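Read top to bottom, the protein sequences are chains U and Z. Residues in the first sequence are numbered from 2 upward in steps of one, following the numbering used here. Residues in the second sequence are numbered from 2 upward in steps of one, following the numbering used here.
Incorrect hints may have been included.
What follows is a list of derived Cβ distance ranges for each label pair [what the hints assert, rightly or not]:
{"hint": "1", "chain 1": "U", "residue 1": "K428", "chain 2": "Z", "residue 2": "Q79", "range": "39 to 45 Å"}
{"hint": "2", "chain 1": "U", "residue 1": "K262", "chain 2": "Z", "residue 2": "F116", "range": "35 to 41 Å"}
{"hint": "3", "chain 1": "U", "residue 1": "T145", "chain 2": "Z", "residue 2": "F115", "range": "55 to 61 Å"}
{"hint": "4", "chain 1": "U", "residue 1": "M2", "chain 2": "Z", "residue 2": "N61", "range": "47 to 53 Å"}
{"hint": "5", "chain 1": "U", "residue 1": "G232", "chain 2": "Z", "residue 2": "F115", "range": "36 to 42 Å"}
{"hint": "6", "chain 1": "U", "residue 1": "E364", "chain 2": "Z", "residue 2": "P95", "range": "33 to 39 Å"}
{"hint": "7", "chain 1": "U", "residue 1": "E288", "chain 2": "Z", "residue 2": "N61", "range": "29 to 35 Å"}
{"hint": "8", "chain 1": "Z", "residue 1": "N61", "chain 2": "U", "residue 2": "Q236", "range": "45 to 51 Å"}
{"hint": "9", "chain 1": "Z", "residue 1": "K68", "chain 2": "U", "residue 2": "G232", "range": "41 to 47 Å"}
{"hint": "10", "chain 1": "Z", "residue 1": "G171", "chain 2": "U", "residue 2": "K131", "range": "40 to 46 Å"}
{"hint": "11", "chain 1": "U", "residue 1": "K436", "chain 2": "Z", "residue 2": "P95", "range": "26 to 32 Å"}
{"hint": "12", "chain 1": "U", "residue 1": "S221", "chain 2": "Z", "residue 2": "V139", "range": "55 to 61 Å"}
{"hint": "13", "chain 1": "Z", "residue 1": "G119", "chain 2": "U", "residue 2": "K428", "range": "27 to 33 Å"}
Heads up, simulated DSBU-like pairs for lysine-lysine below, C-alpha to C-alpha not over 30 Å straight-line [stated by the list, open to error]:
{"hint": "14", "chain 1": "U", "residue 1": "K168", "chain 2": "U", "residue 2": "K309"}
{"hint": "15", "chain 1": "Z", "residue 1": "K45", "chain 2": "U", "residue 2": "K338"}
{"hint": "16", "chain 1": "U", "residue 1": "K168", "chain 2": "U", "residue 2": "K125"}
{"hint": "17", "chain 1": "Z", "residue 1": "K74", "chain 2": "U", "residue 2": "K373"}
{"hint": "18", "chain 1": "Z", "residue 1": "K142", "chain 2": "U", "residue 2": "K428"}
{"hint": "19", "chain 1": "Z", "residue 1": "K106", "chain 2": "U", "residue 2": "K436"}
Pulled a few chain U residues facing chain Z out of the computed Cβ check, cut under 7 Å [unchecked claim]:
{"hint": "20", "residue": "E71"}
{"hint": "21", "residue": "G80"}
{"hint": "22", "residue": "Q175"}
It should be emphasised that the hints constitute simulated quantities derived from the structure, not laboratory data. All of these numbers come straight from a predicted model, not from anything done at the bench. Glycine included, C-beta positions come from ideal geometry on N, C-alpha and C.
Residue strings, one per chain:
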Amino acid sequence: MIVQSLKDISLTSDLNFDVVVVGSGPGGSLSGLKAAQQGKKVAILEMGRPLQTKDFVLDEATAYKNLYQEAAGRTSLDGAITILQGRALGGGSTINWTSSFRTPELTLKYWQKYFGLKDLSMEKLLPFFKEAESLIGVKDGEITPNRNNDLLAEGLSKIGAKHGLIKRNVRGCQNLGYCGLGCPVGAKQSALVTSLPMANKLGAEIFCDAVAERFIWKNSRVEALEVSVRGLQNQKYIFKAKTFICAAGAIGSPALLLRSKVADPYETLGKRTFIHPTTISGAIFKEKVEAYYGAPQTVYSDHFLPTKLEEEAAGFKLEVPPIHPLLLATSLPIFGKDHYELMKNLPYIQATIALQRDGFHPESQGGRVILKNGRPFLDYKFTPYMEKAFRQSLLVMGEAQLAAGAYEVMPIHRQGLRVKSLGALLKHVNELSMKALELKVVSAHVMGGCAMGARPQESVTDPSGRFHHLENLVIRDGSLFPTGIGTNPMLSIMGLVGQLSS
Amino acid sequence: MSNKGKLDRRFFLKGGSLAILSSIPLLYWSPIFQQTVPTHDYLKSKELMVMRSLLQAWTNEWPFFVKPVKPIKAESYQAELELGLNGVLSVVRPDKRDELILLLKLLSYGPSCFFLTGHFSPWSDPEKVTQILSRWRVSSKLVEKKVYMAFSSLFAASYYGNKLSWSVIGYPGPPDYVTYIEEEKKL
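Looking at chain U on its own, in the form it has when it is part of the complex:
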């Protein structure tokens, strides 16, 4: 694949294209591929570095610096939520943990009922999910779960909670366990090794270190895109095109539109940004878990998610994260001896995460992307409704871990303690505050901010993903989702983009 860095080249050639795509993640790269397949002259812009499979090393610090937004230091405006987002060729698909779920049917029904998205039924999306799954090699697990995942399954079985195996987008996986650092053997079928090289082969040009600053628009059309070179803000290029596709990711896409000062009469832009706020429960076992090795996510449970359209509780999906030293150490809001006493148990630690389904209740309306000096921030507040689900999730995770044989469990919280029994866990968790900056909350799934919908009063794009106020600007990423979806979003993004591009 031929990738150009705006840092290394001087673009004197013609920067006129049929289609300019901002963002090379699963949405942007698939859009670029679709356009290239139609014979269009395409440019795909990526703000990350031009790093590919051969450049990936299994070192956390290097990967976080090279492949994540703000070196994996992005947070919500108040600092309460750590937000892991890709800033890499291939976007989030390059650094995700390969979990591939179709959009839950309940979520699609909710969108149809409340946002007028009549075409987003499972029946109509199915061909596009299948197409995406074929493209990125999604299939049932060919790999035996590692002990970290296995223990989740064991614990859930013992407490009577249903669970299943996760389909993954891999071909020839070596079961290394470092998917989040970029797959060094090219087994993960991210956009980096699928749609991007395919688009490139069809003539699409790929530019890295390209920071989309703003759309230049007049009347009802975008005329050009101003692009700066990452790290060299004074060096700018103007890309012209007939059609512009914004796929810079939730946060990135609304931020670009905000910087472009596009029309926003109902002030919907940037609002309804969802994150699946995620809580963590750590557990120490007497046996070795070695959660740093093996496919990171292979077991899940939707047992605690709603099953009816208007169910009151937020609900949460259970999965596990890989546990590498830096990721674990920076997730523990404790210090001194307490911190080290936990870290030295690294090979024996199991962790479970609970991803809260946000966006389906009046007290779960998501956050808002805002700009400060041109830089994006996500302002996201917890509500008592959400805090209730946080508390329940910590109890469920701890209970499952104890049932699986954990010696000690610990809610990851500023005042979290290690406890050894269910009674002690109940007492401890019920005493903890679930407020922001108390509980450790992370997110690896940012969605919304450019919500699609039938009514302009509550959406940013129409149901086809076209921006309401500029006729040649479409959105093609997870920012289109009008709610969180309740599961890992990559395949949902690809299915949706496939349908919208058809």
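Given chain U, put chain Z in place with the hints provided.
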């Protein structure tokens, strides 16, 4: 430090953008003993003194790094930590880094230090610094919570971003994948 002039103490102490602080996370590590990165690119003497005191208290009882043969000496250990800290600061978003530096300035200035810690100048007393951290950890004040959470990520990253920390926590490091790649090339 482009935004520095726009930040004032009142704004900061109100907790307005103190968000900063918990946003330092993962980040970066310069290769061990890399000589090309000066140790203190961002911190001047007073802020550095505060940062050193906090870092020492935070990592108190964390073992010295172990090189392949034997533990490194105390002064090398301290230098490693500070080099890591510098590396972390080098990849933090500039506006957030500015806010962190402002916080350290406030902590090095008697009256604002008193506001945040209950002491005018506690930094030469390790016991006091540990007490301050313990208080911040359970504090219900928004400013103190943010300060605590910020340092939580910063210091953990400074230590565990260093590969020399791996052996002290029993982490064997990543598996060999190079052999696989070499064999693939032969096919």
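**Message:** Please list, smallest to largest, the hint numbers that this structure does not respect.
**Reply:** 9, 17
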